[in-house]
Amino acid sequence: MIQNKYLISRRITQIAVLFLFFSGNAFGWNLLRGNLSSAKVLNLIPLSDPFAVIQSFSAGAAIAGDALLGAIVITAIYAAAGGRIFCSWVCPVNMVTDLANRIRSILKLDSSEQVRGISRGVRYWVLALSIVLSIILGVGAFEWISPIGALHRGIVYGIGAGWAFVLVVFLFDLFVMKHGFCGHVCPLGGFYSIIGRFGFLRIWYEHEKCTLCQKCVDICPEKQVLHMVGKESAPVLSGECINCGRCIEVCDVNAVRFGNIYKKDIVTI
Amino acid sequence: MGKRKDPHETRMPERRDFLAKTLKSLGLAATGGLVWAGYITEGRSAPFVLRPPGALAERQFLASCIKCGMCVEACPYDALELAKPEDDTPIGTPYFVPRTTPCYMCRDIPCVPACPTGSLDKSLVSEKDNAGELILNINLAKMGLAVIDRDTCIAYAGIQCDACYRACPLIDRAITVEYTRIERTGKHAMLAPVVHSDICTGCGLCENACVTRKASIFILPREIAMGESSERYVKGWDARDEERLKDTTGEVTTETPRSGRSPIDYLNEDIQ
Chain W
1 MIQNKYLISR RITQIAVLFL FFSGNAFGWN LLRGNLSSAK VLNLIPLSDP
51 FAVIQSFSAG AAIAGDALLG AIVITAIYAA AGGRIFCSWV CPVNMVTDLA
101 NRIRSILKLD SSEQVRGISR GVRYWVLALS IVLSIILGVG AFEWISPIGA
151 LHRGIVYGIG AGWAFVLVVF LFDLFVMKHG FCGHVCPLGG FYSIIGRFGF
201 LRIWYEHEKC TLCQKCVDIC PEKQVLHMVG KESAPVLSGE CINCGRCIEV
251 CDVNAVRFGN IYKKDIVTI
Chain V
1 MGKRKDPHET RMPERRDFLA KTLKSLGLAA TGGLVWAGYI TEGRSAPFVL
51 RPPGALAERQ FLASCIKCGM CVEACPYDAL ELAKPEDDTP IGTPYFVPRT
101 TPCYMCRDIP CVPACPTGSL DKSLVSEKDN AGELILNINL AKMGLAVIDR
151 DTCIAYAGIQ CDACYRACPL IDRAITVEYT RIERTGKHAM LAPVVHSDIC
201 TGCGLCENAC VTRKASIFIL PREIAMGESS ERYVKGWDAR DEERLKDTTG
251 EVTTETPRSG RSPIDYLNED IQ
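So the sequences go chain by chain: W and V. Counted from 1, the first sequence has number 256 at position 256 by the working numbering; the numbering is strictly sequential. Counted from 1, the second sequence has number 140 at position 140 by the working numbering; the numbering is strictly sequential.
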């Protein structure tokens, strides 16, 4: 078994998606065109960011056709898959914040987390605020400032000063708060937490095998979802779990693994 | 919360906590929301931007454009770009700069059907054929309007230049050349380009072709370049101008503080 197989596959997936978007614009490949806001697969299947479409609706736009259909397709995919798979397997900002977190642990900056922590629920406030501001201002409010948009759009169509948006996130996660952006603030993460709440793919924890080493909790970017560790065998039911599989990779006794929402061990990769 | 002993704190710490937390969250949301809204409002108020053909009115366009870049990819001339943060244009939205690359007015308008949100609206660049089907017609596009600076245009100085006129895809309709005698010399003709706003699509081929250092014919958004007269002033000899009366009730009234009184009062009010 390869150590960190999920981490490696996630990076491959994230980079592959960006590369396919890039090649769609640069070389005219048809596999994936557009960007993470809206795209087309093989010039046939529309995909759209459902949160962006909701903001457009809130702003008073009559969105129909491909964007609406694409939003339904994406919602269905992530709702069925479960958890925030978008965040850990697709979103390019995940690579930025993971890097910040890595440097953070090398520089041993972690102790300040407790002092300056804000609630994990802030993302839902930002989500609500995105909708309210979209209604008031008549534009997609989060899309206007989104570092996610700045990054994926920038990679496909030229980033310009968009790197500044990404740098803000990087510095925020590095110096201000551990897992600050993806784990606390990002409304898109909040949106997918709600969407992915009832999906299929789950992390399962087995109390009987667990040695209480806490490695899984230490590595987890959304620690609150692992509240059952050391207490009882259970699946991670919270939609805030990003299904990154880091807990599985660090567990020495296979007490954590991917399963489906009903039964552990159904997924064996 | 401080460590100070407060008699209420021992009695109802949860309620205090809850109130403090709620207040804190509301304060944070308000602060964040105001900064956020301010940033958007600032960026949104940049109307000097030329959109692809078939774009909705700017406000509607900003509401519905999802910033996916499908129009950018569809453009065979790479005229379109998605705005970067430093571009003085709402971030991520498509625009073109005619002096760099104009719109070449493709007959099949590939950028318009590529739009997934309808921000580029096919119906704005189509006309009905005899069977009632919508047929794309790029000549109906209204991306902007060419405006001429007569002081710097060398044709208006009497030099023979018809670069913009020759470049215009709707030559002799969107730009015509008007011949006038140059009084200064008494024996030369001036060949002056004139833009017709009802035909001009704002493609920018003229701006791109202009030979002066900074283009003397340039595209402005139509809302900026054009005025608007009320229904009172209709050119009765122009059938198209009469169409403006279609949705009016026929009663155009102007209310002023004096409207209630008789005109005679007005004429006599200064006479004691």
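Incorrect hints may appear among the rest.
As the list claims (entries may be wrong) - Under the rule of at most 27 Å between Cα atoms (straight-line distance), these lysine-lysine pairs were calculated in the BS3-like manner: (1) W:223 x V:122; (2) V:246 x V:128; (3) W:215 x W:5; (4) V:122 x V:142; (5) V:24 x V:142; (6) V:21 x W:223.
Claimed, not checked - Negatives, chain W to chain V, calculated, CB over 12 Å: (7) 7; (8) 33; (9) 38; (10) 55; (11) 104; (12) 137; (13) 139; (14) 141; (15) 145; (16) 214; (17) 217; (18) 233.
Hints in this document: simulated from the structure, not taken from any laboratory. Each residue gets a CB set at the ideal place from its N, CA and C atoms; glycine is no exception.
Now for the hints, and whether the structure bears them out:
no., hint, verdict
1, W:223 x V:122, "violated (49 Å)"
2, V:246 x V:128, "holds (20 Å)"
3, W:215 x W:5, "holds (17 Å)"
4, V:122 x V:142, "holds (13 Å)"
5, V:24 x V:142, "violated (49 Å)"
6, V:21 x W:223, "holds (22 Å)"
7, 7, "holds (29 Å)"
8, 33, "violated (6 Å)"
9, 38, "violated (4 Å)"
10, 55, "violated (9 Å)"
11, 104, "holds (24 Å)"
12, 137, "violated (5 Å)"
13, 139, "violated (5 Å)"
14, 141, "violated (6 Å)"
15, 145, "violated (7 Å)"
16, 214, "holds (28 Å)"
17, 217, "holds (25 Å)"
18, 233, "holds (32 Å)"
In summary, the numbered hints that this structure violates are 1, 5, 8, 9, 10, 12, 13, 14, 15.
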